[in-house]
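Chain B: place on chain A using the hints.
Sequence order for the protein chains is A and B. 145 is the number that UniProt numbering gives to position 145 of the first sequence; each next residue is one higher, with no gaps. 12 is the number that UniProt numbering gives to position 12 of the second sequence; each next residue is one higher, with no gaps.
Be careful, since some hints might not be right.
Claimed, not checked - Simulated crosslink set (EDC-like; lysine to aspartate or glutamate; CA at most 20 Å straight-line):
#1 B/K106 <-> B/E73
#2 A/K216 <-> B/E245
#3 B/K103 <-> A/D250
#4 A/K216 <-> B/E73
#5 B/K106 <-> B/D153
As the list claims (entries may be wrong) - If you only want the chain B side, here are some residues facing chain A, beta carbon under 7 Å, derived:
#6 L54
#7 P74
#8 A87
#9 G101
Stated by the list, open to error - Derived Cβ-Cβ restraints for the label pairs, each shown as a range:
#10 A/N239 <-> B/L185: 19 to 25 Å
#11 B/V68 <-> A/F143: 57 to 63 Å
#12 B/E177 <-> A/V215: 34 to 40 Å
Derived from the structure by calculation, the hints contain no laboratory data. Bear in mind that the values here come from a model prediction, so they are computed numbers and not experimental data. Here a beta-carbon is modelled for each residue, glycine too, at the ideal position from N, C-alpha and C.
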Amino acid sequence: MLRAGLFPFPPFGFPMQTKRTTFRSYWLPYLLIAPQLAITLIFFIWPAGQAVWQSFLQEDAFGLSTKFVGLRNYVKLLNSPEYLASFETTVIFTVCTAGLSLGLALLFAVAVDRMIRTASAYTTFILWPYAVAPAIAGVLWWFMFNPSVGVLTYALQTMGYDWNHRLSGTDAMILVVLASSWKQISYNFLFFLAGLQSIPQSLREAAAIDGAGPVKRFFTVVFPLLSPTTFFLLVVNINYTMFDTFSTIDASTAGGPGQSTTILVYKVYEDGYKGLDLGSSAAQSVILMGIVMVLTFIQFRYIERRVQY
Amino acid sequence: MAGIKLSAVKKTYPGSSEPAVKGVDLDIQDGEFVVLVGPSGCGKSTLLRMIAGLETISAGEIVIGDKVVNTMEPAERDIAMVFQNYALYPHMSVRQNLSYGLKNRKMARSEIDRRIEETAAILQIGDYLERKPRALSGGQRQRVAMGRAIVRDPAAFLFDEPLSNLDAKLRLHMRGEIKHLHNRLRTTSVYVTHDQLEAMTLADRLVVLNNGLIEQVGRPLDLYQKPASTFVAGFLGAPAMNLMEAEVAEGALMLGGAALAGGLQARPGRVTAGIRPEAIRLRAEPGNFRLDYVEELGGTRIVHGHIGAQRMIAQTDLATELSDEMTAELPGAELHFFHAETGQRL
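Looking at chain A on its own, in the form it has when it is part of the complex (with noise of 0.2 Å):
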């Protein structure tokens, strides 16, 4: 179940093992790489060397010429006020899906963990969302908060808070935010739970023997023991906001009003397909890429240091 499995790191105390096969035949191990490696060259490789080129491709408004244009593109990006703001919305946008999402689930996980009888029934709800789609998710907060027939708008409303995501920025953004962590929290959730399920039981009462109380407890032994987990969830889960949030954005706010709700990925669709500059739009999702592939490998190279024990 899920204390076997799901658990992406091995238990702690045994190293991973790691074993080595030798092939006897020179072309074999190629050939058994290869389904993969063509998919990543179809798939990855081609599609992003396209983007690489296309950045520095300018067209024009009728497709009519195509002429090379160099760093142009990336100059005029990097000069665009609404490119930067843009920025700025997807860091807001990333901490706070990311921190809602995470907190909310190590706290749904915490308290199905202590349940002993009804801990199965609750895990099975927790998990349904992550099977709603996107998009269905997406409609599905846009009708809850819509400003004439929203259920939600008309709590708010007789609570004297008049919700309007059409005009009000900071409603919309609250509202892409709740929409997207509220599927990313079934997907953490699951992967907090059974980290917290390989934690041995004796560990904890240990610690209360130790005089630590509920609280110093989980934040003395729990959460380092859990911090392989929650390391591994802080990458998926800014690789999630930074580009699987692009349908829930699209159903609920379409990036307004204004700007506010156009995070990078949202941005590189706009101008591209709205805009049809395509040449800019190739562009943004170069320094996309590069923002991941940076972000990946700080992650890797100096959190994940400390949290090895």
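Quick look at chain B alone, frame taken from chain A:
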């Protein structure tokens, strides 16, 4: 340091109809080493965990020192526990593992350091104070686990099968160390094990538990020599005592129509008779004992065989000659008699 007193302690787990501990009275003296022993499911671990405060007490009272601890948190009971899997904090160094409990109690830095030095010296773990548990061997982890208990200088140590994860040789060694340590520190200790040899060698007083109740309490040798029931008789000693359904008639022990021993004072009637393997005297001349097979222990031999339909195990020295047909003599003074139905000593 303090004594521990258990009065009519019961434990019923939620959702279970039968209690795991069915009313235990036990008075543990200050400085005493008491071993709780019994087969799995007898309630020994539950009892220990109730003393530690890790399980609630369904009924009865537990007193540590002069305080009733029933509703106290584990931390307030002034006990330290050594767990079966050691339960060392894997993300802390040995030093941090030792100091964790002291820091939580807001002890002064200098006093913590002093105690760690002292404990490290006692257990000879000074060389790896800065290592993490994963860099330690099984025996070293075991020592650190004990160190974490010792450094606290608690009223009592609670041991929950602390040696069962070690290999046989190391277990023997650590058993000696625990005994030695107790002689030195004289801290009240409660030790749970299912290993009767560990129980015999460590205990000042032995508590044999069966099915949630105490079968017998006493010094190990007393229990060995005068088991109060067939359960204790069968549990203590390896190989176990031979127990047979037999009859006493006219001062003789009758088994399957043949007299095994004579000149007995026991009351006539059906009994369960017991005899320790080492009390049986085997002779090579053909007689009542049919030899099945022999286990060589080096210094002695364990001889498995039958008397009539009754399985019988005897322990002999190497000088005794063996043959397929032998004579087993059961000295009357070495026989134990138990009630045929209740299993209680007669």
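Hint by hint, here is what the structure shows:
Annotation: proposed proximity of B/K106 to B/E73 holds, straight-line Cα distance about 17 Å (limit 20 Å). Between A/K216 and B/E245 the alpha-carbon distance is near 59 Å, which puts this suggested pair outside the 20 Å criterion. Restraint check: the Cα-Cα separation between B/K103 and A/D250 comes to about 53 Å, which exceeds 20 Å; the hinted pair is violated. Restraint check for A/K216 and B/E73: the C-alpha separation of about 15 Å stays at or below 20 Å, so the hint holds.
For the given pair, B/K106 sits about 15 Å from B/D153 by alpha-carbon distance, which is consistent with the 20 Å threshold. Taking 7 Å as the C-beta cut-off, the interface hint given for B/L54 holds, the closest approach to chain A being about 5 Å. For the restraint placing B/P74 at the interface with chain A, the shortest Cβ-Cβ distance is roughly 5 Å, inside the 7 Å limit, so the hint holds. Evaluation of the B/A87 hint against chain A yields a held restraint, the C-beta minimum of about 4 Å falling below 7 Å.
A distance limit of 7 Å between C-beta atoms decides the matter here; for B/G101 the minimum to chain A is near 3 Å, and the interface restraint holds. At about 55 Å, the CB distance of A/N239 to B/L185 disagrees with the hint of 19 to 25 Å. Between B/V68 and A/F143, the C-beta spacing of about 59 Å keeps the proposed range 57 to 63 Å intact. The hinted range of 34 to 40 Å is satisfied by B/E177 and A/V215, whose Cβ atoms lie roughly 37 Å apart.
The structure is inconsistent with the numbered hints 2, 3, 10, although it conforms to all the rest.
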